[in-house]
Amino acid sequence: MTATTVFAPARRRAPRLLQPAAVLLIAAVTIGIPLWLVAVTSVKPQAEAIKPNLSLPHRVQAAENYQQTFDQGKVVQGFVNSLLVVVPSVVLVLLLGAGAAWVFARRKGRLTGTLYALSISGLLLPPAVITIVMELRQLGLAGTQLGMIAVYTGMYLSTSIFFMTGFIRNLPEELEEAARMDGAGPARVFFQVILPLLRPVIATATIMVMLFAWSDIFYAFFVLGGGEKATLPLNLYQVASAQLYLNNWHLIFAYVVMMSLPMVAVFVIAQRRIVAGITSGAVK
Amino acid sequence: MVDTATRGALDATRAKDRSASPRRSRRERVRRKADQPWWFALPALAVFGAFFLLPNLLNFVYPFTDWSAFHPQIGFVGLSNFETILNDGSMARDIRITLEYAVLVAVFQNGFGLGLALLLERDTRFNRFFRAVFFLPVLISALAVGYIFRALLAQDGALNSVLSALSGHQLDTPWLGSTTWTLVVVTLVHGWKWMGLAMLIYLAGLKSMPGDVLEAARIDGAGAWRTFWSIRFPLLAPAVTFNVTTALIGSMNTFDIVQATTGGGPGSETEVFNIYMFRIFGQGLYAQASAMSLVLFLVVVVLAVPVIVGLRRRENNQ
Chain A
102 MTATTVFAPA
112 RRRAPRLLQP
122 AAVLLIAAVT
132 IGIPLWLVAV
142 TSVKPQAEAI
152 KPNLSLPHRV
162 QAAENYQQTF
172 DQGKVVQGFV
182 NSLLVVVPSV
192 VLVLLLGAGA
202 AWVFARRKGR
212 LTGTLYALSI
222 SGLLLPPAVI
232 TIVMELRQLG
242 LAGTQLGMIA
252 VYTGMYLSTS
262 IFFMTGFIRN
272 LPEELEEAAR
282 MDGAGPARVF
292 FQVILPLLRP
302 VIATATIMVM
312 LFAWSDIFYA
322 FFVLGGGEKA
332 TLPLNLYQVA
342 SAQLYLNNWH
352 LIFAYVVMMS
362 LPMVAVFVIA
372 QRRIVAGITS
382 GAVK
Chain B
-12 MVDTATRGAL
-2 DATRAKDRSA
8 SPRRSRRERV
18 RRKADQPWWF
28 ALPALAVFGA
38 FFLLPNLLNF
48 VYPFTDWSAF
58 HPQIGFVGLS
68 NFETILNDGS
78 MARDIRITLE
88 YAVLVAVFQN
98 GFGLGLALLL
108 ERDTRFNRFF
118 RAVFFLPVLI
128 SALAVGYIFR
138 ALLAQDGALN
148 SVLSALSGHQ
158 LDTPWLGSTT
168 WTLVVVTLVH
178 GWKWMGLAML
188 IYLAGLKSMP
198 GDVLEAARID
208 GAGAWRTFWS
218 IRFPLLAPAV
228 TFNVTTALIG
238 SMNTFDIVQA
248 TTGGGPGSET
258 EVFNIYMFRI
268 FGQGLYAQAS
278 AMSLVLFLVV
288 VVLAVPVIVG
298 LRRRENNQ
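In the order they appear, the protein sequences are chains A and B.
Per my numbering: the first sequence = residues 102 to 385.
Per my numbering: the second sequence = residues -12 to 305.
Because the hints were derived from the structure by calculation, they are not lab data.
Do not take every clue at face value.
Below 25 Å or equal to it, Euclidean Cα-Cα: the simulated SDA-like pairs (lysine to any residue) are [as the list claims (entries may be wrong)]:
1. A:K152 x B:V171
2. B:K194 x A:I308
3. A:K330 x A:L225
4. A:K330 x B:G269
5. A:K209 x B:L40
6. A:K152 x B:S151
7. A:K209 x A:M282
8. B:K194 x A:K175
9. A:K152 x B:R266
10. A:K209 x A:V188
11. B:K194 x A:R117
12. A:K209 x B:V296
13. B:K194 x B:R266
14. A:K330 x B:V296
15. A:K209 x B:D22
16. B:K194 x A:Q372
17. B:K194 x B:D207
18. B:K194 x A:K330
19. A:K175 x A:N348
20. A:K209 x A:L276
21. B:K194 x A:P301
22. A:K175 x A:L345
If you only want the chain A side, here are some residues facing chain B, beta carbon under 7 Å, derived [claimed, not checked]:
23. P153
24. G198
25. W203
26. Y217
27. S220
28. I231
29. L242
30. V252
31. T254
32. G255
33. L258
34. A341
35. S361
36. P363
37. V365
If we take Cβ atoms under 10 Å as the criterion, some of the chain A residues that face chain B in the derived model are [unchecked claim]:
38. E165
39. D172
40. L197
Keep in mind it's a predicted model, so treat the numbers as computed, not measured.
Each residue gets a CB set at the ideal place from its N, CA and C atoms; glycine is no exception.
Looking at chain A on its own, in the form it has when it is part of the complex (with noise of 0.2 Å):
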């Protein structure tokens, strides 16, 4: 932080309205239109709405258009089922990563380094997500939350294991050590000591996790598919896939913005540990 505060001055004398004025015109142009596009469009009425423009509603009818997504997109149902498979994902990411990294930072020898590779291998490999189908269908677990929640853990556990074993690497062993002279066990040393140091990369993990499995399609739909199970972003793929012959642009970006609001509010008022969470886990 420093060093560029340090060295800005010096380097920016001359564009100091330049650089402003380019921010504006480049979010303008690349963050503005989209996003006003989406709103305006959502209160059109469909005859203004076929053809997506930027041009102001003549006829704004907000109301109607989200009332009508909200009951045909079963917007709260959606929401449910969107909660129901990635909270638990996150929590069981979170946890049973913190136990593992915390045994591959602390052991040594061969074994745990394979185990270690083994378990991060997932950053790298794309789940092979048709026969992922084939073993949830034998295990009685398809188009199950359950089977959602395992699916999510398995492909989100290798990051959360690559970033808090690193982060355990670089904790102080002492502070176990006091722990375990005061005679505490594996298991208070693990909830008590290690799991509140990990704070700043659970934050960290949690949000890389919520960021993938919250707008997922591609694996909820080979697992949950569509129906009663159906979470948010599937529920739009429905509601877009029916509407899109009939040029409805009017009722999907109303389902656009009433499922990105949730997102965009939780970004706001967490937005500094977001930020924070991030950057930390990137670059050491």
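Once you have looked at the hints, place chain B on chain A.
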């Protein structure tokens, strides 16, 4: 049993460590057997093994069967699924398109991300606000992003009407209908969606630069351009590694944006692996989809490993 085996290996490495690293020998002490018992790692290993590794192993079996929606039994059929995807050209096409897609995304996502990071580098309130603005696309689901750009880029969509108004005559460029350029357009959208994340990571890299090195460069009379290419960019190596690898790997698994913008068209020219699997699985040809899944697995292994090793080496050479 497992434990005694590790103890042996553990003692051996400890003995080596003691002579190699004084820092480690300082915290050397008698370690009780159960300081970090293996059962803490077991749940993670079990879930990961059962729901990630096992399906990937099964993926080496099912492609050689006739598993499909059309008959209850599953029997081995040898290489016929691979012959099918080889002979109808879909394998070669999907490999080519996925690789082009991944490389273009890596270029755009990192180009945009680094550009924004440099533009918003100074820690002012103005810049902090706009960092958040550029992060917004990361928060919108990829599927929704796809639909937004489908509306924007349609032949009678918003972009063409803006361009028509600006140029004064009617334009109807088929942004998503060209067999050559649509792939580039879709990867630009993909880069747009993730540029905010790359930006944050580059910002973190820029902030962690040692001030004295930059100061020395300034005293030596290096301009901003020279400082960037000779000092700051090489020092960004870890951030570049992270961003390029995640972009390459993430975009080889892409689905949502392509499905929402083009659905793989026009004429299959944006059909990446996952679009193919989705389509073929939907037709009930499970084993054939699994064969393509195995091809994806092998392509990722063959390509990602050298990329990561190479980038890591570049980092270490700095």
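A quick look at each hint next to the structure:
This hinted pair checks out: K152 (chain A) and V171 (chain B) have alpha carbons roughly 24 Å apart, not beyond 25 Å. Taking the CA atoms of K194 (chain B) and I308 (chain A), the gap is near 21 Å; set against the 25 Å cutoff, the hint holds. For the suggested pair K330 (chain A) and L225 (chain A), the alpha carbons sit about 29 Å apart, so the restraint of at most 25 Å is broken. Between K330 (chain A) and G269 (chain B) the alpha-carbon distance is near 19 Å, which keeps this suggested pair within the 25 Å criterion.
Using a Cα cut-off of 25 Å, the hinted pair K209 (chain A) and L40 (chain B) holds, with the two alpha carbons roughly 23 Å apart. With a C-alpha separation of about 14 Å, the suggested pair K152 (chain A) and S151 (chain B) falls inside the 25 Å cut-off, and the hint holds. Restraint check for K209 (chain A) and M282 (chain A): the C-alpha separation of about 22 Å stays at or below 25 Å, so the hint holds. Distance check on the hinted pair: K194 (chain B) and K175 (chain A) sit about 45 Å apart at the alpha-carbon level, beyond 25 Å; violated.
For the hint linking K152 (chain A) to R266 (chain B), the alpha-carbon distance of about 28 Å lies beyond 25 Å, and the restraint is violated. The hinted pair formed by K209 (chain A) and V188 (chain A) fails the criterion: a straight-line CA distance of about 33 Å is larger than 25 Å. For the proposed pair K194 (chain B) and R117 (chain A), the alpha carbon gap of about 21 Å is at most 25 Å, so the pair holds. Pair hint K209 (chain A) plus V296 (chain B) holds up; C-alpha atoms about 23 Å apart against a cutoff of 25 Å.
A C-alpha spacing of about 45 Å is found between K194 (chain B) and R266 (chain B), which places the hinted pair above 25 Å, so the restraint is violated. The suggested pairing of K330 (chain A) with V296 (chain B) is violated, with an alpha-carbon distance near 41 Å, which exceeds 25 Å. Straight-line distance between C-alpha atoms of K209 (chain A) and D22 (chain B) comes to about 12 Å, which keeps the hinted pair within the 25 Å bound. Among the hinted pairs, K194 (chain B) with Q372 (chain A) is consistent with the structure: their alpha-carbon atoms are about 18 Å apart, no more than 25 Å.
With a CA separation close to 21 Å, the supplied pair K194 (chain B) and D207 (chain B) stays within the 25 Å bound. Among the hinted pairs, K194 (chain B) with K330 (chain A) is inconsistent with the structure: their alpha-carbon atoms are about 44 Å apart, more than 25 Å. Restraint check for K175 (chain A) and N348 (chain A): the C-alpha separation of about 20 Å stays at or below 25 Å, so the hint holds. For the proposed pair K209 (chain A) and L276 (chain A), the alpha carbon gap of about 19 Å is at most 25 Å, so the pair holds.
A C-alpha spacing of about 18 Å is found between K194 (chain B) and P301 (chain A), which places the hinted pair at or below 25 Å, so the restraint holds. Proximity of K175 (chain A) to L345 (chain A) is assessed by CA-CA distance (about 18 Å); at most 25 Å being required, the pair is judged to hold. Look at P153 (chain A): its Cβ gets to within about 4 Å of chain B, closer than 7 Å, so that hint holds up. With its C-beta approaching chain B no nearer than about 6 Å, G198 (chain A) sits inside the 7 Å limit, and its interface hint holds.
Interface hint status for W203 (chain A): upheld, as the beta-carbon distance to the closest one in chain B is roughly 6 Å, under 7 Å. Proximity of Y217 (chain A) to chain B is violated relative to the hint, the smallest CB-CB distance being about 9 Å (cut-off 7 Å). A cut of 7 Å between beta carbons decides the hint on S220 (chain A): the least distance to chain B is about 6 Å, and the hint holds. Annotation: I231 (chain A) was flagged as interfacial toward chain B, and the flag holds, the nearest CB pair being 4 Å apart, inside 7 Å.
Proximity of L242 (chain A) to chain B is violated relative to the hint, the smallest CB-CB distance being about 9 Å (cut-off 7 Å). Interface restraint check: V252 (chain A) against chain B, minimum CB-CB distance 6 Å, threshold 7 Å, status holds. For T254 (chain A), the suggested interface contact is upheld, since its CB lies about 5 Å from the closest CB of chain B, less than 7 Å. The beta carbon of G255 (chain A) is positioned within 7 Å of a beta carbon in chain B (closest approach about 3 Å), and the interface hint is therefore held.
A hinted interface residue such as L258 (chain A) counts as satisfied when its beta carbon comes closer than 7 Å to some beta carbon of chain B; here the least separation is about 5 Å, so the hint holds. Evaluation of the A341 (chain A) hint against chain B yields a held restraint, the C-beta minimum of about 6 Å falling below 7 Å. Given the 7 Å rule on beta carbons, the hint for S361 (chain A) holds: about 5 Å separates it from the nearest Cβ of chain B. Nearest Cβ of chain B to the Cβ of P363 (chain A): about 9 Å, over the 7 Å cut. The hint is violated.
Evaluation of the V365 (chain A) hint against chain B yields a held restraint, the C-beta minimum of about 6 Å falling below 7 Å. For the restraint placing E165 (chain A) at the interface with chain B, the shortest Cβ-Cβ distance is roughly 20 Å, beyond the 10 Å limit, so the hint is violated. This hint is violated: D172 (chain A) has a C-beta 19 Å from the nearest C-beta of chain B, more than the 10 Å allowed. Interface restraint check for L197 (chain A): the shortest CB-CB distance to chain B comes to about 4 Å, inside 10 Å, so the restraint holds.
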